[in-house]
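Using the hints, put the two standalone chains together into the complex.
Listed below are the residues making up each chain.
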Amino acid sequence: MRNRARIPLSKAKVRQSWSKYNLYNLARITTPPYKTRTVFQQKWSAKSILRAYHSEQVREGMWERMFSRRLRSVVPMNPEYLARNDGSLESAGRGSGLESSFAKRRPKAIPYMQMTFAPLERRLDTAIFRALFASSARQARQFVVHGAVKVNGKKMKYPGYLLNPGDMFQVDPERVMFATGAPKGLSDLSSPDDRAVSRSEDKEGAASLEDQSEESSQDEDEDAEEGEEKEEDPREVLKSLLAQAKSVISNPKGGKLNAKQKQNLRGFAKEVKRQLSRRDSTTSKSHDLEAQFEELKAKLLRKPNLPSSQAEDSSSSPNKEEDGEKKEESTTTLSTSPPQLNTAKGKDYDDDSMLDPEDLTALRAALARLHLNPIDPTKPYATPWTPRPYMSAFAFIPPFLEVNQNICAAVYLRHPVARPGMAEVPTPFAQVTGGDAFAWYLRRR
Amino acid sequence: MTRGALQYLQVPLSSFTASLTPSATVSKHCPKCKRAWRRPFSSTRSCDMTKLRAEMFNWLNSRGKNFLDPVQGKTNYLTDYDKRGFRRNKEPDAAGEQADSTEREKGTRDLPRRPFPLNEWFISQPILSEELREEIWRRVQIDKKSIRNVSVELGVEMRRVGAVVRLQELEKQWRAENKPLALPYAEAIHSMVPSTPLKNPPVPHETVNDLPVHSMTLPQLFYPTSESRQFNRVDAGRIFSGAPRLPDEADVTQGGQSVEPWKDTSIEIVGKPGHERPVLKAADARIPHPHLIAHEKDKLDPELDALERHERYHARLREEMEQRAGKKEARRKQIEKHTTRVDTGRYEFLIKDCQTTRLGTGLDGRGTASPGRRYGVPSQDRKRGAIKIPTKVEV
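Here the protein sequences come in this chain order: A and B. Per this note's numbering: the first sequence = residues 20 to 464. Per this note's numbering: the second sequence = residues 207 to 601.
This is chain B alone, in the form it adopts within the complex (with noise of 0.2 Å):
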């Protein structure tokens, strides 16, 4: 480096040094009294602010200063701006105004909404729009229309269509209360974070059928098979779980009488005793929205029309809600079969039977299957560590 140059970082000029990221300059003087930084042994006093410091107030005047207020309608994170702190060019919108999928994966690629820049794996996924959630809660309370099916027309998981009907009705019940409200910060928030739209066709705000990895899956298996016969999603979920494969005559596949796998609700038990365990489903059952693979298989059969396919469809939605609603019914009258209720006015007290046997507590008085005391273990609250606060809230 030349002498000069040298000569000029050491005396900076101080509009230069409050315009931009002179880090040269930084890193060697104090911007503030211009003087070299404290070294040690020195007895000369620099200035109160540490070089750390003066670096940290440098950058969040420079490019900190973009972050310091949200940009209208769009997200403001780190990894929108480039290394020179200007706005990168192709980013998502907030308000959902997305281009086709192969765009927004691409974008997702290079330049999703990435909050950290660090971590490429977390994104900042849209909300519901204050529009949607109120679409939602009309579908759901107004048209009464079931959660699953306003779940897959507007592509929103069903415990979120639940989530979202629960809350909009404690918003009209604060509303109509007279409560004060977080107008403003909604607002604010509706306008920094994506957002998924109301639009017809409804844009699908998250995937629906997700299948969670069951742990059973997790290791790898090799099972050699015949080639004579086809094996399938069934197969390999009995494979997983250690059963033995299905006879010809309940196979479907093979031309058996049994139910389809998307219906199939039964529980299977297999294993020795002491170490049964249930028997996995195909990914047909076990996905949130199985009557959906026979609506897709009605679309592949050229012989129903849509109308057709439309009654078909709900006539499932339907039986599926009766039978739901049936299970619900038989599960409240076992219960209330064997519960006694003694009202005295004050309290109603629920008396359940119960046996401790030693098919509950076990030959050594330590099983957990029956209730009440066990012999020499002491209660969870005693144990070192183990915190007292509750573990559920009844709704």
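Here chain A stands alone, though its shape is the one from the complex (with noise of 0.2 Å):
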């Protein structure tokens, strides 16, 4: 299907979509004129406008098929209200006057003609971008069509698939994080002080990631000199860990890292990498959390230069390490490894007075952090993930879904009503437009 979906800048089409073309043109449109154009002027350039946003995908005889005049809506009701009166007091007659109680609670008005386009918000493409899994109802409509999306557990292709209330429906929660999180390979840039620190760490970054791809060859030799240079300090190795540690986990939780706070949240995953595979290591590598926490804490309180874990290092051959390192190069948050407790765990440490538990806590999230939104170039989209530029301004979720962001699910629980004051169909223009649009839909020209 070809795609029509351009966003024009010089005729500002609303769009399903998250781009910033789009953002601003939904700043900046206004309600067409109505008084120096003609009725049927009014209502052409409504339905063209509205039809542009909710179903340009959508063949213009498809849609009319789909057209219902009639428009669903609920009125929330009190029992108490409900209890008290039988519905008598209004019948009779009395005390609807301006002064009467009646008056104050005078509900709002129902904003039918913001329903038009409900029957379309049955569509599977429509409710996947309104469940925030795409970044435009395009993309919604080719995870579907490329066998991304399941509805009751059986895979779904039709992107035109009405939704019936109670179906659940699942994407593919990679395809989710590619289509919502950053683009890879553009460095955002934001503010200036961003950039400088971003260009000092070019090298080093570039350097870094170098590192983590083809990890497996590289950081063997420099173990290998490690080795055979010379034992570090664990109090030096500590104090920076937790330097960064802390640096990572005090960034804002769903926001974006500066690049300082990025530069960090790399040295500390490299460092642990490295501390957890130095050959002195006494257990396999491990990716549980738990584990890995167990076996860092173990090697950082153990004093310098023990001999008991130094003759175990020979005993680790360097397939196994090597093995090891592809696992872990391949990151992911959860294991399939069960987690192997540390044997060393119990003998090593005796030095609690070095770590307050602050700092192990602080150690701990951190590592929780890289455990949850691990660094992995293999991904599609920009590792550690963030939600990409301009997302805010179109997140919200309409209430006739649920949706469970962990797994990428959602459930259409019911077709979208109006209420008082409130209509369930997002659409970016006023109900003056909605109108006309209905009236086009009505062919009563």
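Rather than coming from a laboratory, the hints here were simulated on the basis of the structure. Check each hint, because a few of them may be wrong.
Stated by the list, open to error - Distance condition first, Cα-Cα at most 20 Å in a straight line; then the derived DMTMM-like pairs of lysine to aspartate or glutamate:
| hint | chain 1 | residue 1 | chain 2 | residue 2 |
| --- | --- | --- | --- | --- |
| 1 | A | Lys39 | B | Asp288 |
| 2 | A | Lys32 | B | Glu528 |
| 3 | A | Lys39 | B | Glu261 |
| 4 | B | Lys280 | B | Glu261 |
| 5 | A | Lys265 | A | Glu255 |
| 6 | B | Lys594 | A | Glu79 |
| 7 | A | Lys169 | B | Glu600 |
| 8 | B | Lys378 | A | Asp191 |
| 9 | B | Lys534 | B | Glu517 |
| 10 | A | Lys173 | A | Glu193 |
| 11 | B | Lys589 | A | Asp395 |
| 12 | A | Lys169 | A | Glu193 |
| 13 | A | Lys127 | B | Glu377 |
| 14 | A | Lys174 | B | Glu600 |
| 15 | A | Lys176 | B | Glu600 |
| 16 | B | Lys351 | B | Asp559 |
| 17 | B | Lys469 | A | Glu99 |
| 18 | A | Lys173 | B | Glu326 |
| 19 | B | Lys271 | B | Asp288 |
| 20 | A | Lys398 | A | Glu377 |
| 21 | B | Lys385 | A | Asp395 |
| 22 | A | Lys176 | A | Asp191 |
| 23 | B | Lys378 | B | Glu340 |
| 24 | A | Lys169 | B | Glu375 |
| 25 | A | Lys174 | B | Glu377 |
| 26 | B | Lys378 | A | Glu255 |
| 27 | B | Lys594 | A | Glu83 |
Because the structure is a prediction, the values reported are computed rather than measured.
Shown next as structure tokens:
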């Protein structure tokens, strides 16, 4: 299907998309003028801009068949009021004057005319976009066509499938992360100081990224060198690690990291990896958070130059280590191997005074963060994952969907309805425009 | 305008151009090459960037910068900023830290969470927070409370409660299987979108007693009635569906013997043959939680104390659940009675009896009440424009 969903600047068309062009258009559109135009012109332009937003991928004939003049609405009822009054109060025709309490609780108007395009919210591709699983309706459509979407556990390849109330749809989480994450390769240089840091970081950062991509050979060499060189003082390592850990956890939770924080995060990841893959490790590499933390703690709290652990390092063969490296390279949050608790746990650290509990929790939090949102160059999006630019201006979830973001699944609860003061169909235009479009499809021109 | 000012606009300082919104400058000059925009019939090459594009980037670099990154724990919609690009002061917190209802009401009129500047009727409503979801799942699956009960307790619609339980079950299954989850994505969404927190006492998430507006009630009717008799919601429903008023002995409000409106689940059909229609029930019976009306009536009764009210409330829920289970069982038995099962080992065939009679097909053979082909009527998938995509997916 040809993509006609361009976002031209000359005609400010708004699309179902999170692009910056769309945001700009959304910020500057106005309700089309009506005083200078005929009724036909008003209806024509109204239906044209509304169709461009709601259903540019649906043919006109298809939409005309879907159009329904019956607009759904609900009125919230108060059981307490229903218990006190059986309706005879209203029908008596008394007490509806200006001064009565009836006038005060006059309900708000129901915006029916915003519900014209409600039948389209049933479409699978639109629902995926509304659930914030794709950055545009077009992308949602592509996910469906490419087989990344399941409805009620079965693969559904038709973007025009009309969801029934109670249907659950799932999108592959990797695709969702790709669609909603910041693009790879573009360094987001939002502020000048970021730019400065990132310039200085460029060489280092590139090196560290390379590191991760071709880890197995390089790291081994490094380790070998280190082993020959000398034993580092764990205190020094600990100090630097803690500083980095604190920087890593200091950033706002869902927000973006600045360049300095990214640098620290990368450094922390590298350091943790290095510590865990040292020759004197007694355990095989584990991906489990708890196990890693215990291992790291054990390593750091070990007294410098203990012969006990040195003796064991010859036992671990280089082959085994290489395997471990490869496993670690595809860093995922969850491991396939069961956590292997450290055997060195009990014997080594008697030196708890070095670490106060605060530092320990900081270290643990930073490690957890690394596990939750790992740096992984194999992913098709920028890692660690951050929301894509301009996403927050479009982020809302309509109430007729119940979404679980962790597994990227959502349930279509019911059809969208209008209620006093509120319509559930997300449409960027005013009610006048909706009304004109509705009148157009009533076919009374 | 003075000549000096014009000159100033024609020779803009580069720093000034870069900093804020010099829309006057952009409208006349390309910010890149500092020359006037290309004019029709002019052979002077201006710049590759069109004026529209320059204006867009100008906006994106000034006011549009607010939307580049999310604001932690708050919504970041276009309407959250004023014309100059400054954040408005009194906006509701995304974490659900709302003030009392009157203030919120006021906020809805002035500055609610509106993602679309032109559409004042669309509000970004809160989603359930992770803790609340977990709590819903716990109450239904661990405490074995009914969905109806949990819905009333937490102020969450019944369909949503069911969906949450289903999704949480799936999530737990995924976690047990060590499947990769989209955790950073979930965290980001929860910080961008308003959410209802788990609190004690619970903050209601949405209205749970929504009455669907029935199409029978849409036309305005003028119905003269006597003043000597009260005209209530039950009567209104009957009038809207064209049914006669109930006789006094069947009307509770007139002292007759009948079920109360909220409990009434019977189906009454009126109309001539071929035009039959069910009688519209009173709103009391059509809301999702009719039992709450009885509970409120109990509250009005001074003879009942809190403990008794509590007991009666739960007895009502139990009774309703038993009734529902009984009906479900009866329906299942009815279906089973008319189905023959043939198990071939690989498939189990369910064979249902059906009859194609004139009653179903109609005199012209085109009626749809009976199964089977209709002579002269093309099947749906041969019609022009009919798309052959599934209409439902069985769970």
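These are the hints, each one checked on the structure:
1. A:Lys39 - B:Asp288: holds (19 Å)
2. A:Lys32 - B:Glu528: violated (55 Å)
3. A:Lys39 - B:Glu261: Given pair lysine 39 of chain A, glutamate 261 of chain B holds - Cα atoms ~13 Å apart, limit 20 Å.
4. B:Lys280 - B:Glu261: violated (28 Å)
5. A:Lys265 - A:Glu255: holds (16 Å)
6. B:Lys594 - A:Glu79: holds (18 Å)
7. A:Lys169 - B:Glu600: holds (12 Å)
8. B:Lys378 - A:Asp191: holds (17 Å)
9. B:Lys534 - B:Glu517: violated (26 Å)
10. A:Lys173 - A:Glu193: holds (18 Å)
11. B:Lys589 - A:Asp395: violated (52 Å)
12. A:Lys169 - A:Glu193: Holds. Lysine 169 of chain A to glutamate 193 of chain A sits at ~14 Å (cutoff 20 Å).
13. A:Lys127 - B:Glu377: With a Cα-Cα distance of about 39 Å, the restraint between lysine 127 of chain A and glutamate 377 of chain B is violated, given a limit of 20 Å.
14. A:Lys174 - B:Glu600: Answer holds: lysine 174 of chain A to glutamate 600 of chain B is near 12 Å, not above 20 Å.
15. A:Lys176 - B:Glu600: holds (16 Å)
16. B:Lys351 - B:Asp559: violated (39 Å)
17. B:Lys469 - A:Glu99: holds (16 Å)
18. A:Lys173 - B:Glu326: The given pair, whose Cα atoms are some 38 Å apart, is violated under the 20 Å limit.
19. B:Lys271 - B:Asp288: Status holds; Cα separation ~14 Å.
20. A:Lys398 - A:Glu377: violated (33 Å)
21. B:Lys385 - A:Asp395: holds (17 Å)
22. A:Lys176 - A:Asp191: OK: lysine 176 of chain A and aspartate 191 of chain A at ~13 Å, within 20 Å.
23. B:Lys378 - B:Glu340: At roughly 11 Å apart (the allowed maximum being 20 Å), glutamate 340 of chain B and lysine 378 of chain B satisfy the hint.
24. A:Lys169 - B:Glu375: Status holds; Cα separation ~17 Å.
25. A:Lys174 - B:Glu377: Satisfied, since the Cα-Cα distance of roughly 19 Å is no more than 20 Å.
26. B:Lys378 - A:Glu255: Roughly 41 Å between the alpha carbons, so the hint for lysine 378 of chain B and glutamate 255 of chain A is violated.
27. B:Lys594 - A:Glu83: Given pair lysine 594 of chain B, glutamate 83 of chain A holds - Cα atoms ~18 Å apart, limit 20 Å.
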